[in-house]
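Protein chains: 2
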Amino acid sequence: MSIEQAPQKTAPRDSTGFLDDFTTLSEFGHTPGGGVDRQAASEADHATRAWWAEWLTGNGFKVVTDSIGNMFGLLEFVRGAPYVLLGSHLDSQPLAGRFDGAYGVLSAGHAAREVARRVAAGEVEPKLNIAVVNWFNEEGSRFAPSMMGSAVATGKLALETALAVRDHAGVSVAEALQPVDTRPEQVRVATYGEIHIEQGRILENKGITIGLVDRTWAASKYKIRVHGAQAHTGATVMADRRDALFGAALLITAARELTEVLPDGMLHSSVSEMEVLPNSPVTIARLVEMNLDLRSPDEDVLAEANRLLDERFAEIEQRARVQIERELTHHWGLLAYQPEGVELSRDTASALGLSHTEIMTVAGHDSTNMKDVVPSVMLFVPSIEGISHNEAENTEASDSVAGVTMLTDVAARMVGGELWDGQSEYLLGPAKG
Amino acid sequence: MSIEQAPQKTAPRDSTGFLDDFTTLSEFGHTPGGGVDRQAASEADHATRAWWAEWLTGNGFKVVTDSIGNMFGLLEFVRGAPYVLLGSHLDSQPLAGRFDGAYGVLSAGHAAREVARRVAAGEVEPKLNIAVVNWFNEEGSRFAPSMMGSAVATGKLALETALAVRDHAGVSVAEALQPVDTRPEQVRVATYGEIHIEQGRILENKGITIGLVDRTWAASKYKIRVHGAQAHTGATVMADRRDALFGAALLITAARELTEVLPDGMLHSSVSEMEVLPNSPVTIARLVEMNLDLRSPDEDVLAEANRLLDERFAEIEQRARVQIERELTHHWGLLAYQPEGVELSRDTASALGLSHTEIMTVAGHDSTNMKDVVPSVMLFVPSIEGISHNEAENTEASDSVAGVTMLTDVAARMVGGELWDGQSEYLLGPAKG
Chain W
4 MSIEQAPQKT
14 APRDSTGFLD
24 DFTTLSEFGH
34 TPGGGVDRQA
44 ASEADHATRA
54 WWAEWLTGNG
64 FKVVTDSIGN
74 MFGLLEFVRG
84 APYVLLGSHL
94 DSQPLAGRFD
104 GAYGVLSAGH
114 AAREVARRVA
124 AGEVEPKLNI
134 AVVNWFNEEG
144 SRFAPSMMGS
154 AVATGKLALE
164 TALAVRDHAG
174 VSVAEALQPV
184 DTRPEQVRVA
194 TYGEIHIEQG
204 RILENKGITI
214 GLVDRTWAAS
224 KYKIRVHGAQ
234 AHTGATVMAD
244 RRDALFGAAL
254 LITAARELTE
264 VLPDGMLHSS
274 VSEMEVLPNS
284 PVTIARLVEM
294 NLDLRSPDED
304 VLAEANRLLD
314 ERFAEIEQRA
324 RVQIERELTH
334 HWGLLAYQPE
344 GVELSRDTAS
354 ALGLSHTEIM
364 TVAGHDSTNM
374 KDVVPSVMLF
384 VPSIEGISHN
394 EAENTEASDS
404 VAGVTMLTDV
414 AARMVGGELW
424 DGQSEYLLGP
434 AKG
Chain C
4 MSIEQAPQKT
14 APRDSTGFLD
24 DFTTLSEFGH
34 TPGGGVDRQA
44 ASEADHATRA
54 WWAEWLTGNG
64 FKVVTDSIGN
74 MFGLLEFVRG
84 APYVLLGSHL
94 DSQPLAGRFD
104 GAYGVLSAGH
114 AAREVARRVA
124 AGEVEPKLNI
134 AVVNWFNEEG
144 SRFAPSMMGS
154 AVATGKLALE
164 TALAVRDHAG
174 VSVAEALQPV
184 DTRPEQVRVA
194 TYGEIHIEQG
204 RILENKGITI
214 GLVDRTWAAS
224 KYKIRVHGAQ
234 AHTGATVMAD
244 RRDALFGAAL
254 LITAARELTE
264 VLPDGMLHSS
274 VSEMEVLPNS
284 PVTIARLVEM
294 NLDLRSPDED
304 VLAEANRLLD
314 ERFAEIEQRA
324 RVQIERELTH
334 HWGLLAYQPE
344 GVELSRDTAS
354 ALGLSHTEIM
364 TVAGHDSTNM
374 KDVVPSVMLF
384 VPSIEGISHN
394 EAENTEASDS
404 VAGVTMLTDV
414 AARMVGGELW
424 DGQSEYLLGP
434 AKG
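Heads up: the protein sequence lines correspond to chains W and C, in order.
Each residue of the first sequence is one higher than the last, beginning at 4 in the numbering used here.
Each residue of the second sequence is one higher than the last, beginning at 4 in the numbering used here.
FYI, nobody ran anything at the bench for these hints, they're computed from the structure.
Every residue gets a Cβ at the ideal spot worked out from N, C-alpha and C, and that includes glycine.
Don't take each hint at face value.
To be verified - Computed footprint of chain W on chain C, listed as stretches where at least three residues anywhere in the stretch have a Cβ under 8 Å from a Cβ of chain W: (1) 300-311; (2) 381-391.
As the list claims (entries may be wrong) - FRET-style restraints, in silico, Cβ to Cβ: (3) V240/W <-> T26/C: 25 to 33 Å; (4) V264/W <-> E328/C: 29 to 37 Å; (5) E278/C <-> V264/W: 25 to 33 Å; (6) T26/C <-> K159/W: 53 to 61 Å; (7) L337/C <-> W335/W: 52 to 60 Å; (8) H33/W <-> W54/C: 51 to 59 Å; (9) G336/W <-> N208/C: 54 to 62 Å; (10) E260/C <-> E278/W: 37 to 45 Å; (11) E328/W <-> H171/C: 53 to 61 Å.
Unchecked claim - The following residues of chain C were derived to be distant from chain W, with all beta-carbon distances above 10 Å: (12) V67; (13) T164; (14) R169; (15) H230; (16) R289; (17) L331; (18) S427.
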């Protein structure tokens with residue numbers, strides 16, 4: 004990662020009224036702690052979507068919603084040409100921050116509207132049209148997996164599979180989407196752009212405004228099952244116990260200790276979801292199911308972490324007298340964004356006088372799916388103290404506005420044909436050939 | 004604990020048809036794994052209760068149910084005299100064994116019926132009447148706390164409080180009890196007897212048939228809350244995390260390690276119930292709530308365990324950057340059963356030629372409540388390998404039958420006036436003065 008320019012904060016004038024709109028948007032599903040709670044297809048998410056559809060329509064976009072609930076706002080400049088697509092997601096984690104996803108969708112709307120103004124004013128010669136997207140269920144907290152809408156639209160997840168997923172209350176995605184007027188719309192996309200908060204503190208620590216995302220971290224995600232045996236919490240002597248929750252506790256600690264053994268900052272390890280059976284105050288757990296999420300910017304470190312974990316699992320099985328089952332549910336290596344997209348962004352930031360640096364993303368984003376089907380640009384703005392998935396998530400107003408300006412200029416250049424080969428396009432949607 | 008008699012298994016003839024009835028009873032809520040699943044006021048519990056009411060009525064008992072769903076079967080020998088009450092509970096843990104509780108209720112029915120035969124035959128001169136009880140919700144897995152029915156009946160828990168308790172699905176005790184014809188019945192009790200499986204392996208290891216319960220272990224039960232902060236499981240650097248689930252894992256391990264530090268067998272420590280918030284695969288836990296159950300046959304050891312735990316909590320708070328809240332929900336010291344009851348049991352076992360020993364109970368039982376209001380006898384039969392709260396829970400048929408014989412003779416002597424001062428009685432029920 005190289006720093007392209009000396010740290011220097013700029014605070015462009017909020018000419019498009021972005022900050023006011025962001026304040027309005029943040030009212031939907033707002034929480035007493037200053038965040039939002041808008042899980043996918045919840046009442047708050049539906050209300051946010053309705054407001055966003057109004058915003059798009061009021062600004063001249065044609066609004067369509069596809070079969071998995073992705074919302075598109077379309078602006079046509081060149082009859083029959085495919086679209087430059089900009090967007091992110093309006094859904095959130097429970098008790099989440101205002102920025103994760105929503106910042107990118109609203110930025111996309113403001114950028115697209117400004118590009119349309121420039122086209123109308125003759126400042127941009129369009130080769131492509133422009134569209135804005137609110138991807139359905141990026142968060143995956145209510146309905147797994149995350150990035151559901153973009154996964155279906157890019158053919159990575161079957162529509163029927165996605166619609167059949169149920170939340171903890173037994174409600175399916177199809178049922179939760181009933182208030183939405185879904186149609187088998189298929190948008191033709193030439194290139195894609197997304198802006199997001201960093202959710203880390205690299206930009207903040209370096210005093211840089213714009214992150215040019217060039218790669219994702221490698222990741223291994225597991226479903227873990229720890230098998231023990233039910234027994235009485237009081238009467239059963241310790242030596243007879245096969246306590247699945249004790250085994251799970253040792254495993255959580257072992258996964259954490261890996262991050263201390265491996266080179267500093269090179270491994271992120273998390274267990275954050277757990278189900279205990281029978282979950283009774285007087286019966287020792289027979290089964291614990293949990294997730295395990297390992298991520299690294301170095302595939303060798305990730306492989307070493309996986310190897311070390313296997314050793315620890317064997318020790319834990321013996322100590323807690325349990326069996327551990329580990330199922331790999333997701334794995335990806337270091338995945339690159341198109342270098343041409345990074346180059347376009349770097350050039351744009353330099354022209355705007357915005358400080359910038361290449362950066363990797365640890366979190367997944369809808370652009371992770373989109374970059375596999377069309378040339379894509381992914382941008383970051385700083386997160387204060389790196390706080391995310393938390394009501395205290397925040398970004399300086401000047402950085403927010405700088406990000407919109409940045410995305411606008413990148414989008415204008417893409418509408419002018421940059422990053423596009425002049426003929427390729429991808430037909431979004433599950434039914435593509 | 005002294006062994007009163009050399010180990011010697013006896014297998015009395017099953018003259019009352021106990022084993023056949025036990026097979027029938029075990030069909031209610033039976034599980035594929037050979038156990039039962041009859042949580043309090045579930046459909047399976049209601050079906051079991053209906054069968055038990057029929058059994059009682061068919062054997063000449065008058066059946067009444069009090070306001071919290073305790074079922075009594077009454078047999079009157081002496082007009083106006085209070086009752087010798089025998090019983091236990093028919094409800095079970097989820098995926099539990101056939102014996103825990105149900106063995107004691109059916110034994111009580113068979114013992115009372117045989118005592119009635121002896122009274123009618125002039126073999127017993129009655130000073131008291133006899134009754135059988137199925138206490139409501141001894142297990143406490145669906146509706147906390149455990150021993151609910153006997154706690155209400157002995158005035159330790161307010162009826163209104165108990166009726167308002169809700170299960171995880173939001174159903175209240177009052178709602179779940181609707182199929183039951185509850186009435187404000189109040190039974191007058193002079194003395195109490197209960198037989199139960201040991202749920203440990205002391206009797207089995209020593210080859211002894213009857214345990215004479217003289218005390219309960221001391222116990223401290225806590226509600227633990229570990230407070231962290233939500234963050235992104237991928238993007239948040241390890242040093243910034245305040246992971247409530249990591250803190251909880253350290254705490255579970257620390258509680259287990261106490262049992263290895265303190266003298267062997269002198270501390271049982273369990274965490275078995277846990278709720279994680281928000282319980283998402285992509286957000287670090289902000290809050291973990293769990294139980295912690297510490298038990299010891301030595302109050303000094305329990306005090307030392309509590310002291311050591313405080314030290315460990317401070318270390319854990321620092322290491323995981325969390326706050327731990329510990330609320331003591333239940334505490335009791337070593338509680339004695341009336342020595343006269345133990346003496347009566349010892350004498351009865353000797354007369355029957357059954358091997359026996361004094362034993363402490365680690366688990367709570369309804370007799371724990373009853374012994375505080377009337378002279379009570381608590382008896383154990385062996386558990387194979389000490390397995391309990393598990394479908395594999397089992398007791399040898401010869402031990403089962405020996406226990407019924409033992410309870411019958413103890414009950415016959417209590418009906419004849421032993422353990423009773425000739426005038427004291429306790430009026431069961433929440434409305435007593």
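Now the hints, each set against the structure:
Coverage of a stretch by a chain is defined here by at least three residues with a beta carbon nearer than 8 Å to that chain's beta carbons; for the segment 300-311 of chain C and chain W the count is 0, and the condition is violated. Check on the segment 381-391 of chain C: 4 of its residues sit with their Cβ under 8 Å from a Cβ of chain W, so the three-residue criterion for coverage holds. Between V240/W and T26/C the C-beta distance comes to about 30 Å, which sits within the given range of 25 to 33 Å. Distance hint check: the CB atoms of V264/W and E328/C are about 31 Å apart, consistent with the given range 29 to 37 Å.
For E278/C and V264/W, the Cβ-Cβ distance of about 31 Å falls inside the hinted range of 25 to 33 Å, so the restraint holds. T26/C and K159/W have their C-beta atoms about 55 Å apart, which keeps the hinted 53 to 61 Å range intact. Our hint of 52 to 60 Å for L337/C and W335/W holds, since their Cβ atoms are close to 58 Å apart. Between H33/W and W54/C the CB atoms are about 55 Å apart, so this pair conforms to the stated range of 51 to 59 Å.
A beta carbon spacing of about 55 Å between G336/W and N208/C agrees with the range 54 to 62 Å that was offered as a hint. The beta-carbon spacing between E260/C and E278/W, approximately 25 Å, falls outside the hinted interval of 37 to 45 Å. Restraint check, E328/W to H171/C: a C-beta distance of roughly 26 Å breaks the suggested window 53 to 61 Å. For V67/C, the shortest C-beta to C-beta distance to chain W comes to about 29 Å, beyond the 10 Å cut-off, and the non-interface label holds.
Every beta carbon of chain W lies more than 10 Å from that of T164/C, the smallest distance being close to 17 Å; the non-interface claim holds. Under the 10 Å C-beta cut-off, the non-interface status given to R169/C relative to chain W holds; the minimum distance is some 15 Å. With a cut of 10 Å on Cβ distances, H230/C stays outside the contact zone with chain W, its closest approach being about 13 Å. Separation of R289/C from chain W is inadequate, the least Cβ-Cβ distance of about 7 Å not exceeding the 10 Å criterion.
The Cβ of L331/C lies farther than 10 Å from every Cβ of chain W, with a closest approach of about 14 Å, so its non-interface assignment holds. Every Cβ of chain W is farther than 10 Å from the Cβ of S427/C; the closest lies at roughly 31 Å, confirming the non-interface assignment.
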